[in-house]
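> As a plain string of letters, each chain reads:
Protein chains: 4
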Amino acid sequence: MEKYQKIIEDVYLEVKNMPQSGKVANYIPELAFVDPENFGINITTIDKESFGVGDFDKKFSVQSITKILSLTLAYKFEGVKIWDRVDVEPSGNPFNSLLQLEADLGKPRNPFINAGAIVICDVLVSHLKNPKEDFLDFCKEISNIPTLQYNEKVAQSEKASGYRNVALCNFIKSFGNIKNDVDVVLDFYFYMCSLEMTCKELSKIFLFLTIDNFTTQKGERVITESQTKRINAIMLTCGFYDESGEFAFRVGLPGKSGVGGGIVAILPDKYCIAVWSPKLNVKGNSYKGMLFLEKFTSKTTSSIF
Amino acid sequence: MEKYQKIIEDVYLEVKNMPQSGKVANYIPELAFVDPENFGINITTIDKESFGVGDFDKKFSVQSITKILSLTLAYKFEGVKIWDRVDVEPSGNPFNSLLQLEADLGKPRNPFINAGAIVICDVLVSHLKNPKEDFLDFCKEISNIPTLQYNEKVAQSEKASGYRNVALCNFIKSFGNIKNDVDVVLDFYFYMCSLEMTCKELSKIFLFLTIDNFTTQKGERVITESQTKRINAIMLTCGFYDESGEFAFRVGLPGKSGVGGGIVAILPDKYCIAVWSPKLNVKGNSYKGMLFLEKFTSKTTSSIF
Amino acid sequence: MEKYQKIIEDVYLEVKNMPQSGKVANYIPELAFVDPENFGINITTIDKESFGVGDFDKKFSVQSITKILSLTLAYKFEGVKIWDRVDVEPSGNPFNSLLQLEADLGKPRNPFINAGAIVICDVLVSHLKNPKEDFLDFCKEISNIPTLQYNEKVAQSEKASGYRNVALCNFIKSFGNIKNDVDVVLDFYFYMCSLEMTCKELSKIFLFLTIDNFTTQKGERVITESQTKRINAIMLTCGFYDESGEFAFRVGLPGKSGVGGGIVAILPDKYCIAVWSPKLNVKGNSYKGMLFLEKFTSKTTSSIF
Amino acid sequence: MEKYQKIIEDVYLEVKNMPQSGKVANYIPELAFVDPENFGINITTIDKESFGVGDFDKKFSVQSITKILSLTLAYKFEGVKIWDRVDVEPSGNPFNSLLQLEADLGKPRNPFINAGAIVICDVLVSHLKNPKEDFLDFCKEISNIPTLQYNEKVAQSEKASGYRNVALCNFIKSFGNIKNDVDVVLDFYFYMCSLEMTCKELSKIFLFLTIDNFTTQKGERVITESQTKRINAIMLTCGFYDESGEFAFRVGLPGKSGVGGGIVAILPDKYCIAVWSPKLNVKGNSYKGMLFLEKFTSKTTSSIF
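Protein chains in written order, with my numbering: chain A, -19 to 285; chain B, -19 to 285; chain C, -19 to 285; chain D, -19 to 285.
If we strip away everything but chain A, and leave its shape as in the complex, we get (with noise of 0.2 Å):
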């Protein structure tokens, strides 16, 4: 396995080397501030070995990478029950569309839109007594890392310029699928975005999506295999926003895109996989992530097709 040291290494020189395209986020103002530059992977095999290249040690802001966390609890609670409030399909459309939410009356595409995110949340604020503490006492426990933090000023800066997010919360309200008031909605949707880790911490939290008997520290299943191979699949068919197609095509692997310029994706029985580089394309995924992610799957021949 000592191989991926290697492969890892030779990718992100490669990659490191060629020209930056896109530009890091900025709707976030709180995200700006990122240096460009950072590029860090780490890959953690399901023998828990794990593998790091360049910043692969730094926290960042994980974005919509949490939505697979989030979806995850939402599953565990509701069952498939979860399906009449969200759909499964790839939208087609830019990630915060509002377009289709009105021809689909409320109900969003897929539980990685916006739209469907804040759903989710709705959902979560159904479920638990104190959201954001027991939404981050869940990933502590599913990733035994028990240090994750929320970070306070991208959520208050996501909150003070996310008008968008509140128009897609009122707007989801208006058709009756928001269930709890919109300001407490909302407020756990921008904490839970908020979420620091590094590519370590991330190609760990998501091993319960990689091996079949994954149980936590406490020696507790998180989902059931069944449920586990839905959720690769939606990350397949919807977790690049509308360059999903694109992805599955490119690197052959389910996977989560966020805007802080972080991607996971996993090859179900082998790995997990994290890179970090925030300078976004012009669908807001990781430019050099989706380039390191497409070599690497090359070089190691992984697909799952």
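Among the hints, erroneous ones may be present.
Where chains are identical, the list cannot tell them apart; a pair therefore holds if satisfied intra-copy or between any two copies.
20 Å max Cα-Cα, derived EDC-like pairs, lysine to aspartate or glutamate [stated by the list, open to error]:
1) K61 x E205
2) K112 x E132
3) K275 x E205
4) K279 x D192
5) K87 x D192
6) K139 x D161
7) K56 x E(-11)
8) K250 x E(-11)
9) K(-17) x D64
10) K279 x E205
11) K263 x D64
12) K263 x D37
13) K263 x D84
14) K61 x E274
Hints listed in this document are in silico derivations from the structure and should not be mistaken for laboratory results.
Given the coordinates of chain A, assemble chains B, C and D onto it according to the supplied hints.
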């Protein structure tokens, strides 16, 4: 001119006895309590003669009809600059569509769809010290009706259920086309829409769009003649949501409807007419109101065409 | 009435010397050969006095302006039944949008967008033995201009490049709203659009929409007074694609434009005016034509509002 | 491997006795004559063992399933250049939507929606001397089934009623993304869709996507391994119109459906399975086909995730 009394009475009776179609607006809970059998008409000529029939002297919630008044005041303040903030094109879509706003990058199609009226409210909030009071004063002055009032209950009712409008306002703000605080703008918007008038009052307050050299009690012009014509033009092309073409086609006059069931229409240099019947057709316009006006304008061969 | 000669000359000179904006239509290859400097105006009063300036006596391709004539003839044949096939609402979308047609299940928004005009052609094909000849005869009769002709070259040029219109016609047929053979309908459509007239002729042929009791040379009415008003209403709300609101707002008259650079406008009971300047703005309407009419109606305070 | 025979028989019986939902495709008149009770399954393993049940040996119209084959041949000819003509993103819209094509300026979202498949046909027309014959030869070669045939009646039936596809093709040509004559391209398209196969044949012809080093009878590779994986990826994200996410979620395999009621699915390195049941759900995919595959993959815990 007394012919008008006879004609409105005749057409009133004819339409009153026709079967009611449509239903009372219920998305503002308070409006759902209105008796659907109300039916009133009032016409005021440029000589200020007034003729009424039925419930012409009962107050009702004029709702979107006030959007003509807010536009007038904003146009007076800003002149042509106002059209940088809002367009003058028919929308071709339902009145609260977010879809088109997305395509148009936050510039509403016209000042009469909700999105446009909210932007106009934002403009007024920038100009007025006490928006609600000052706007009411403006309405009193141009109508010479000192008793005009908002309906507190209706305003609160819409506020409590107006998620779609909160969504719209935040969405537009995300494009930078709302300058003031969203809550302040919407509070003003909901109050503005809750203005109550009778048909008699409505047909009086819009004389300023009917009479070329109209001056208020204080001897002041409201807006210029050219501005007057332009507001009439917008009423004709945009006054009835996605049924504006139909109204122009069947009635042939500039007009504006509200979800309270009121309609005003103007024959320049002749009269202003107001009709009220609460049941709305599927496009959100008063069913009997449109029917009355079609028959009335046919009978009087009133048409701007 | 001779004041008109002076005014159109003054405004002509003023606008002629202003910088040209926009560009000549090039999607019909043959139209691209027209000299962009052509600029003509003609006004014909209800007393049939005619005043022209510039290139008012040169033939050009009137294109969409003929859609008023085909609508008139179809309305004459079908009466109100025509509105089962085509609506009377502004489209709010570019003139050849398939999007809206899809949402509306094959019923075009109005008879002036391409989709609607093609349906009208289909109606005429059902009624006329020799559509092209019979329609031309109708035009000759109402205008009393026996020399009217199609431009074969333009018709063939559009036919050879009109994939979008072939798409539209087949698309509508898939919804069942085209009854005849697609090729026959489109052949008629392309010829109809290729009709050539001068400004002088244009301002004469539309007198039947201007004069209340208009009769042809043979002493026959074209359509009823009520039908006339309704066509004027559709021109006002739908005559300029997605710039109809703007034209109503700036010019204040019912009118219709064509991609050949022509515009006709009507002041009921007063006059019909035709302008020609080939360069089109981004919405597909004659740049100087709109400018001229705005200045002309301001100067003469002509407006239906 | 013989377990497969037992499992498909068990699931066949279970699903056969469930109530039929959906209806047989009727927009191609000829397809409406098919007996809705047909139900067949066939699985072929990478060892070329074949197991069938029910109507697995009856010919039916594979329709859109051939789009995998035409894409394969075009990809073989053009390599990566093919993606300049067609994208690889899920459409998020019904399978014959013109709306999205308009927004995307004539570049279809993916090669499996009708628009994309028509562009692929255009590419093949540019490469093949006798498109229909040459394509059939390609199909015969990779499947080693020399008896494959088009169904003339089905091809003619679709041709006579395929206005929507004529519209699509002309619309794309108006953007310049069809290079050949519209009639030639569509003739090929209609024939290609009329190809007839049995479940047994279908599960055999797609072995080239299942087996890593697949070679034809002549010992030739069809496409490279990397190209194979990419076609599988597109099948997963785009194979079921706007129900692709649902199929990935419920079945977890790359697959493709046709309106004839057939579905093929692939478990890389294991097997190819084909199901046929003519009644379609509202999204246009075989109702019992999807049901069967969901139960079958659950029972065998087959999934790429």
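> Each hint: holds or not?
Verification of the supplied hints:
1. Taking the shortest alpha-carbon separations for K61 and E205, only the intra-copy value of 18 Å comes in at or below 20 Å, while the best inter-copy value is 40 Å.
2. Taking CA atoms no more than 20 Å apart as the test, K112 paired with E132 passes inside one copy only; the shortest distance there is 12 Å, against 37 Å between copies.
3. For the homomeric pair K275 and E205, the shortest alpha-carbon distance between copies (15 Å) is at most 20 Å, but the shortest distance inside one copy (29 Å) is not.
4. Within a single copy, K279 and D192 get their C-alpha atoms only as close as 25 Å, which misses the 20 Å cut-off; across copies the closest is 16 Å, which meets it.
5. Proximity of K87 and D192 under a CA criterion of 20 Å is satisfied in neither setting, with 31 Å inside one chain copy and 40 Å between copies.
6. Proximity of K139 and D161 under a CA criterion of 20 Å is satisfied in both settings, with 15 Å inside one chain copy and 14 Å between copies.
7. With identical chains, the CA atoms of K56 and E(-11) are never at most 20 Å apart, being 37 Å at best within one copy and 33 Å at best between copies.
8. With identical chains, the CA atoms of K250 and E(-11) are at most 20 Å apart within one copy only, with a shortest distance of 19 Å there and 33 Å across copies.
9. For the identical chains of this complex, K(-17) and D64 are neighbours neither inside a copy (44 Å) nor across copies (36 Å), given an alpha-carbon limit of 20 Å.
10. In this assembly of identical chains, the alpha carbons of K279 and E205 lie at most 20 Å apart only when taken from different copies (13 Å versus 29 Å within one copy).
11. Taking the shortest Cα distances, K263 and D64 sit within 20 Å of each other only across copies (18 Å), while inside one copy they are farther apart (28 Å).
12. In the homo-oligomer, the alpha carbons of K263 and D37 never lie at most 20 Å apart, since the shortest distance is 26 Å inside one protomer and 46 Å across protomers.
13. Taking the closest pair of Cα atoms, K263 and D84 come within 20 Å of each other only across two copies (15 Å); inside a single copy the shortest separation is 23 Å, beyond that limit.
14. Within a single copy, K61 and E274 get their C-alpha atoms only as close as 36 Å, which misses the 20 Å cut-off; across copies the closest is 18 Å, which meets it.
Against the hints set out earlier in the document, violations occur for numbers 5, 7, 9, 12.
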